[in-house]
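Build the complex: two chains, separate frames, hints provided.
These protein sequence lines map, in sequence, to chains A and B.
Residue numbering for the first sequence follows this note's numbering, beginning at 1 and increasing consecutively.
Residue numbering for the second sequence follows this note's numbering, beginning at 283 and increasing consecutively.
Please note that the accuracy of each hint is not assured.
Claimed, not checked - For lysine to any residue, the following SDA-like pairs were computed, each having C-alpha atoms within a straight-line distance of at most 20 Å: (1) B/Lys371 <-> A/Arg115; (2) B/Lys371 <-> A/Thr12; (3) B/Lys414 <-> A/Trp120; (4) B/Lys371 <-> A/Trp120; (5) B/Lys371 <-> A/Arg113; (6) B/Lys371 <-> A/Gly23; (7) B/Lys371 <-> A/Pro22; (8) B/Lys371 <-> A/Glu20; (9) B/Lys414 <-> A/Arg115; (10) B/Lys371 <-> A/Trp19; (11) B/Lys371 <-> A/Asp106; (12) B/Lys414 <-> A/Arg113; (13) B/Lys371 <-> B/Asn406; (14) B/Lys371 <-> A/Phe18; (15) B/Lys371 <-> A/Leu123; (16) B/Lys371 <-> A/Arg21; (17) B/Lys371 <-> A/Asp280; (18) B/Lys371 <-> B/Arg404; (19) B/Lys371 <-> A/Arg15; (20) B/Lys371 <-> A/Ala110.
Don't read these hints as lab results, they were simulated from the structure.
This structure is a prediction, so every number in the text was calculated from the model and none was measured.
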Amino acid sequence: MSAVVHTRPWFTLVRREFWERPGLWMVPAALAAGLVVLGIAAALQLAQVDLSNMQINFNGGAMTITGSVEAQGSGSIDQPLRLLVMGVGLLLLTVSGIMVCSYLLDSLYAERRDRSILFWRSLPVSDSQAVLAKYSIALLVPLAVYALTVLTTAILLVLLSLTPQVAAHWPPAAFAQYASALAELGATLLLNLLWYAPLYAVLQLASLARRTPALWVLLVPVGCIIAEKLLRGSDYVAHWVGQRLAPLPLQGAQQPGLWLGVLAAAAVLALTVRLRRYSDDS
Amino acid sequence: MTALITASGLSKHYRGRAAVADVSFSVAPGRIVGLIGRNGAGKTTLLKAILGLTPYQGSLSVLGLDPTLQRDALMQQVAFIADTAVLPKWLRVSQALDYMEGIHPAFERAIAERFLQTTEIRRNSRVRELSKGMVTQLHLALVLAIRARLLVLDEPTLGLDLLTRRRFYDTLLGDYMDEQRTILVTTHQVEEIENILTDVLFIEQGRIVLDAQVETLGSRFTQLLVHPDQLAAARALQPFSERRALGRSVLTFENVDRQALAKLGDVSTPTVADLFVARLQPQNTDNGSLS
Numbered sequence: 001m002s003a004v005v006h007t008r009p010w011f012t013l014v015r016r017e018f019w020e021r022p023g024l025w026m027v028p029a030a031l032a033a034g035l036v037v038l039g040i041a042a043a044l045q046l047a048q049v050d051l052s053n054m055q056i057n058f059n060g061g062a063m064t065i066t067g068s069v070e071a072q073g074s075g076s077i078d079q080p081l082r083l084l085v086m087g088v089g090l091l092l093l094t095v096s097g098i099m100v101c102s103y104l105l106d107s108l109y110a111e112r113r114d115r116s117i118l119f120w121r122s123l124p125v126s127d128s129q130a131v132l133a134k135y136s137i138a139l140l141v142p143l144a145v146y147a148l149t150v151l152t153t154a155i156l157l158v159l160l161s162l163t164p165q166v167a168a169h170w171p172p173a174a175f176a177q178y179a180s181a182l183a184e185l186g187a188t189l190l191l192n193l194l195w196y197a198p199l200y201a202v203l204q205l206a207s208l209a210r211r212t213p214a215l216w217v218l219l220v221p222v223g224c225i226i227a228e229k230l231l232r233g234s235d236y237v238a239h240w241v242g243q244r245l246a247p248l249p250l251q252g253a254q255q256p257g258l259w260l261g262v263l264a265a266a267a268v269l270a271l272t273v274r275l276r277r278y279s280d281d282s
Numbered sequence: 283m284t285a286l287i288t289a290s291g292l293s294k295h296y297r298g299r300a301a302v303a304d305v306s307f308s309v310a311p312g313r314i315v316g317l318i319g320r321n322g323a324g325k326t327t328l329l330k331a332i333l334g335l336t337p338y339q340g341s342l343s344v345l346g347l348d349p350t351l352q353r354d355a356l357m358q359q360v361a362f363i364a365d366t367a368v369l370p371k372w373l374r375v376s377q378a379l380d381y382m383e384g385i386h387p388a389f390e391r392a393i394a395e396r397f398l399q400t401t402e403i404r405r406n407s408r409v410r411e412l413s414k415g416m417v418t419q420l421h422l423a424l425v426l427a428i429r430a431r432l433l434v435l436d437e438p439t440l441g442l443d444l445l446t447r448r449r450f451y452d453t454l455l456g457d458y459m460d461e462q463r464t465i466l467v468t469t470h471q472v473e474e475i476e477n478i479l480t481d482v483l484f485i486e487q488g489r490i491v492l493d494a495q496v497e498t499l500g501s502r503f504t505q506l507l508v509h510p511d512q513l514a515a516a517r518a519l520q521p522f523s524e525r526r527a528l529g530r531s532v533l534t535f536e537n538v539d540r541q542a543l544a545k546l547g548d549v550s551t552p553t554v555a556d557l558f559v560a561r562l563q564p565q566n567t568d569n570g571s572l573s
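Excised from the complex, chain B in its bound form (with noise of 0.2 Å):
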């Protein structure tokens, strides 16, 4: 199948630094794609580049359009939820729902009417009105009404309570994900999406670091809880990683026997959080130096 986005050499530089630098994937429809990393890693920058809202050097393809010149063909297969992405406060609910039918080729009203009657917001409440949990659920009725190709949510849970967070990941997974859709997300609170994750990338300092599919992550990495009297043994396999945890040193391997491995302690496949932090968590020297 062709890839959805196709990204090769893409580069951007505000005021002489690289955002993003030299950048090269691609996504494949049907994946649910977790894009992590720290603040300021250039996730948004890569964002705003594949939703033509920058220019870039470099070559970069979505549903086989050029984000900068094809931008208006672009959005009507397009959703995307920022989480500076606010709705004007002086919108009605019912306005916000005639705007989008009015402007948007691909919105189902009765997707999103549907939506709505699930939760408390009220159809002549303005934005200004609502909490700030019922204004995502607003934005998400919209977004999940369009029948777009490729659903682009840039933190978009951000300061929602816990409850409100399980309840838009549900309703994504529920509503909206099928086997011709593409979701590509970004967030800071990787743990909780991580079981829907298909695939990662994991980006820092403009750069991507990782570019895995989740099923994979057994077969390549394999975390160690090494026995005390093992450590010596285990640093001599070369761990990217090693960190301290509860007394005992947590030692993250990529391409290495876990068979090997399983004698010198407790080996498991390490969660995408893990990996993400062994990946770009400056290593503790305190406790012993890789270099």
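Pulled out of the complex, with its shape left as it was, chain A reads as follows (with noise of 0.2 Å):
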């Protein structure tokens, strides 16, 4: 027997989850990648386009730089990087939100509809450790896709300050805009995923059932909406659920319900450890 043994059973576990789902970093990677070739293309015909009439157009009106630098004045190109980095950023985080999101609700349904749960059983990994890696992914991949969002936008940026025209009216703040514009779209980002912790959560759990998770997610709420509505005539829980649903803005940090929401998903995670026991048993 050898001494020791080195596992890494964290690193090994999230690697697993990619494994089985590659597109969790192929399409963001892909989508980062198409920005930078539009953005290539875009710096080819700037060189190319009269300025006192500069428009550039990114992937059909997500992203929009438009209007004159000349005509602007220098400091007027903080809108644009503020618009550079919101757009790309928003982009990619909505599509990996939306696919995190299909993840986690397949993503304790998965391993029994392919039979495998048995494989993954007879090794040495506890309930929770299967649940909150699995988890993990989904706060994991929003901050990889911000890092790829850093890494774009300054592909794009380099690429638009080598352009002679926009080099000639680099605003002097340039660099400080566009760091603040980051640091904006990061703090953001974190709030965002502390707001999202519990609906994560309740995925997650819900990929638990023995069948068509996602019909239970969307049955639950919409029942007790309409069962409020009947028993009651008000929409307390429709106003509810939309509140929760929508993305909270940086000015919502202070508002309690991030915190209960943080309280929620821990208590519905330690009840998905539970109930992934013998989620199998039959």
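Here it is as structure tokens:
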């Protein structure tokens, strides 16, 4: 017997998830690469365009930089920089957010659907490790996508700054403006990871359903909303669900619902760990 | 030596029906135990309880651990292959090795690599690209490379051809088994494994109906191919089973003097398969009821 064995359970468990669903990293990466290609095309185009009517269009309107640099003066590039960061960031984060939600909804269902669960269970991985590793994907992917956003926008900026027209009008505080837009995006992202923590936990809990987890996620809230409407004529639940699904702006950081939600997420996770234990026992 | 598995008063009910009913037994280290029973007899339920995969009543200790409360610690020293434990189709062979290495403190990659080299399994293949036999070989490679004290096999060779089945058990005995290790195996193909078993546990309707060491079967059980004119005399010695084979009656006795039986016909030691049939098959009343 060898004396010391090095295992890396968390690293391995997270890696496993990406083996099973390479789309989780491939789709955002491909999108970012597409944006860079568009950026290159735009930069080449820009070199030939009259600056008085500068117009760069990324991705069919997902992000638009409009206006004349000359007409607006040197400081005015602040707004396009912010648009660039927010546009690229929100596009990538929205896409990966949707992917993460559908991932969670399937996370504890797929292993029973393909009957591989007894194989995973034959190994020394506890239910809490398995559940938390899968849950952590929902946090890791957006963070990685944020890093990807930084990289993508930096490349796009460098491309733009290489065109002589933009270089000539480069605002002195461009870097500071760019950095502040990135910081704002980062802070909003961190806040919203906390804000959506309970939603993520609920999606994962639903993935323990015997069949059609998506139906549970839809039917339970819709059922509550209809029941409330019929019985009391009010729509607090609908209001609350709507509020909970909408992203939280930075100003919302103070609201107690944020931390109550994190507590709720922890409780739901604990429940999921317990329920996974015998989820395949029939 | 202390027992590796001890069960006492173990029961498990599914929706009011007893799948395992008040079972008690123990398994010593270094044994190869065959858990033998018909479909639905409770074999898999019993294994699931041992592996901490299902809650139960009664007391159960596996490697000194409680399978429900200490499942994670238990799985460091136990490996299992269930016929229903399907390797995920998307997994690559190399990923399976990486995963085991990253997760399992008792996994020795070199052993698995060495075994895989004797097969046609390529490292970059996905499980979905492998034949059923190859998937079982891969699973066996992963499991053999775990220095597990207890190996549980539930119908491990179901659906495989004869050569692959033979190779599976040869590998198991040659590369895996030693006095530190214990195997608990269930199978329908009793004849194929009876030569490797050291102990048998027969289970029927959730109860253990025979718990014996294979080496003691000869002194305990006798099979008698009885002469037709001696049938009445043989029946008087109270066989627990009687069946017709090739026009003659085969009677099976427990704890009856073999010398006395030899006067009535040809005596032999029943194989495990014979015993299984004798114990579990409903008596054929057409050929003379025992009751």
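A quick look at each hint next to the structure:
Simply put, B/Lys371 and A/Arg115 have alpha-carbon atoms about 10 Å apart, close enough for the 20 Å limit, and the pair holds. Restraint check for B/Lys371 and A/Thr12: the C-alpha separation of about 18 Å stays at or below 20 Å, so the hint holds. For the hint linking B/Lys414 to A/Trp120, the alpha-carbon distance of about 19 Å falls within 20 Å, and the restraint holds. Of the pairs offered as hints, the one joining B/Lys371 and A/Trp120 holds, with about 13 Å between alpha carbons and a cut-off of 20 Å not exceeded.
Proximity of B/Lys371 to A/Arg113 is assessed by CA-CA distance (about 11 Å); at most 20 Å being required, the pair is judged to hold. Between the alpha carbons of B/Lys371 and A/Gly23 the distance comes to roughly 16 Å, so the proposed pair stays at or under 20 Å and holds. Under the criterion of a C-alpha separation no larger than 20 Å, the hint pairing B/Lys371 with A/Pro22 is consistent with the structure, at around 14 Å. A hinted pair counts as satisfied when its Cα atoms are at most 20 Å apart, and B/Lys371 with A/Glu20 qualifies at roughly 9 Å.
Restraint check: the Cα-Cα separation between B/Lys414 and A/Arg115 comes to about 15 Å, which is no more than 20 Å; the hinted pair holds. Using a Cα cut-off of 20 Å, the hinted pair B/Lys371 and A/Trp19 holds, with the two alpha carbons roughly 11 Å apart. Under the criterion of a C-alpha separation no larger than 20 Å, the hint pairing B/Lys371 with A/Asp106 is consistent with the structure, at around 16 Å. Between B/Lys414 and A/Arg113 the alpha-carbon distance is near 19 Å, which keeps this suggested pair within the 20 Å criterion.
Distance hint between B/Lys371 and B/Asn406 is fulfilled; the C-alpha atoms sit about 13 Å from each other, no more than 20 Å. For a cut-off of 20 Å, the pair hint linking B/Lys371 to A/Phe18 stands: about 14 Å separates their Cα positions. Straight-line distance between C-alpha atoms of B/Lys371 and A/Leu123 comes to about 18 Å, which keeps the hinted pair within the 20 Å bound. Between the alpha carbons of B/Lys371 and A/Arg21 the distance comes to roughly 12 Å, so the proposed pair stays at or under 20 Å and holds.
Taking the CA atoms of B/Lys371 and A/Asp280, the gap is near 19 Å; set against the 20 Å cutoff, the hint holds. A threshold of 20 Å between alpha carbons decides the hint, and for B/Lys371 with B/Arg404 the separation of about 15 Å falls inside it, so the pair holds. For the proposed pair B/Lys371 and A/Arg15, the alpha carbon gap of about 16 Å is at most 20 Å, so the pair holds. Note on B/Lys371 and A/Ala110: the hinted pairing holds, with a Cα-Cα distance of about 11 Å set against a maximum of 20 Å.
The structure fails none of the hints (numbered hints given earlier).
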